[in-house]
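Dock chains B and C against chain A, hints included.
Residue numbers (the working numbering), protein chains in the order written: chain A, 1 to 248; chain B, 1 to 123; chain C, 1 to 87.
It is possible that part of the hints are untrue.
[Claimed, not checked] Straight-line C-alpha distance at most 25 Å; calculated DSS-like pairs for lysine-lysine: (1) A/Lys202 <-> A/Lys44; (2) C/Lys82 <-> A/Lys44; (3) B/Lys99 <-> C/Lys82.
Hints were generated in silico from the structure; no laboratory data involved.
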Amino acid sequence: MKKIALLITLAVGALLILAAEDFPRWGDAHAPANDYLSPYYIEKSLEETAVPNIVTAVLADYRGYDTMFETTVIFCAGITVLTLLRRTQRKAPKAVRPRPARQGADVILQSASRLLVPVMQIFALYVLALGHHSPGGGFQAGVILGASFILLALSYDLKTMLARLSENTLLRLSALGVIIYAGIGALCLLLGDNFLAYAALKVFGFSEVMAHSHGILGVELGVAVTVMAIMFSLYVDLASGGDLDEGL
Amino acid sequence: MLNIVVMGLMLLGLFFFFGTSVGIVRFPDFYSRLHAAGKGDTLSSILLLAGLALYNLHHLSVDAILVSVKILFIIVFIFIASPTATHAIMDAGYEARVKHWVKRKTPKEPWPGEERRRQERHP
Amino acid sequence: MNWDASLLWQFDVLIITMVILCAVAALTVRDLVSCAIIGGAYSFLMCLLWTEMLAVDVAFTEAAVGAGVSTVLLLGTALHIKRKSKD
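Next up, chain A with everything else stripped away, as it sits in the complex (with noise of 0.2 Å):
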């Protein structure tokens, strides 16, 4: 049976390397991909929307539909994976054995990690703000916060961790971050724009292609504050397996 499936997945293989060479060459100006809307991005979206980054001007611009049901999944990945772990009746014990309580925490582990901990989250928000002109956004921004909490937790303790940032906060954090993008979204239409058409917002004062600027800041925090919750529950929830009393 497994020679069956290695034959298959060889030829599979290889018929995906052939495929592979009629693809355009790498970096080809001509290729489909690269004639049609390519070159209004990159001759328009400087001047449309004030964003240098053109990666970031088509994610939360162009394509602010796509980012905003990716951010949906995000969170409902996390609430899937809290439904899944959270107080269901385990019938085996749980496999890992649990440590022994340590007689005066690791003290090297916790102080680097206060000193990392800060200086991580302020890089966070500067992806975040920065996302505009260098490569960075509300994702990677959000990831950095998550990993910033999953280090607090892993060199303390979950529990310490968890009175900080409660399970309840990160529930309402992640949804807050689909409500603030589906809001910046829904205010545009009651402006009287299209769903996620920036433009309106150019009544608080701004023109119309600052507009668009801030409204991309305010999606990226959105998408920022979503991930770094939904990363932190995840963890919380893998690591002590559904029970939260102890991470890895």
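Okay, now just chains B and C, sitting in the frame of chain A:
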């Protein structure tokens, strides 16, 4: 002149990286391997990054200095994080009772300090 | 195949070889914890590959999500299920 300094730093960094790799492959047990990895890795990364930061100052401008300062920040973080990570892995290995290497094989007789230290830790 | 467009084709070949090695190793290793660590290494190599193809945004995401958080999540999960896989 600057090029010579940069090349010196990077060659030194590569030398220490080589030493680290040899140490990881050749040392006999978990603890001594991590000893090689933790120290050599930190030092060689710092040397390599310092070389890069200097090399970046060829065309002196505000942007170049900014990039160099960012590289210096990375050096600081590696200097904090890498030894801490090594310490954490070491500690986890000690908690999991990974056997250490002894020169003469005397399987019956435990390491004299071992039990005492464990007693101190979990009385 | 043409390599002229990329920065240095030697780097390409080196990184792709290591990516394939990591993928094969992650499939053959039985211990799930080692598998998670090798997955982290794989993500990091993919991040290098993206950087080298000048897709820095993708590389940043891959470094943060793939090599950072998902390794921790996989480790946390692997500790709660049976550690040795059967095949």
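Taking the hints in turn, this is what the structure says about them:
1. A/Lys202 <-> A/Lys44: Distance ~19 Å between A/Lys202 and A/Lys44 Cα, so the pair holds.
2. C/Lys82 <-> A/Lys44: Violated, at roughly 54 Å.
3. B/Lys99 <-> C/Lys82: At roughly 23 Å apart (the allowed maximum being 25 Å), C/Lys82 and B/Lys99 satisfy the hint.
In terms of the numbered hints stated before, the structure departs from hint 2 and from no other.
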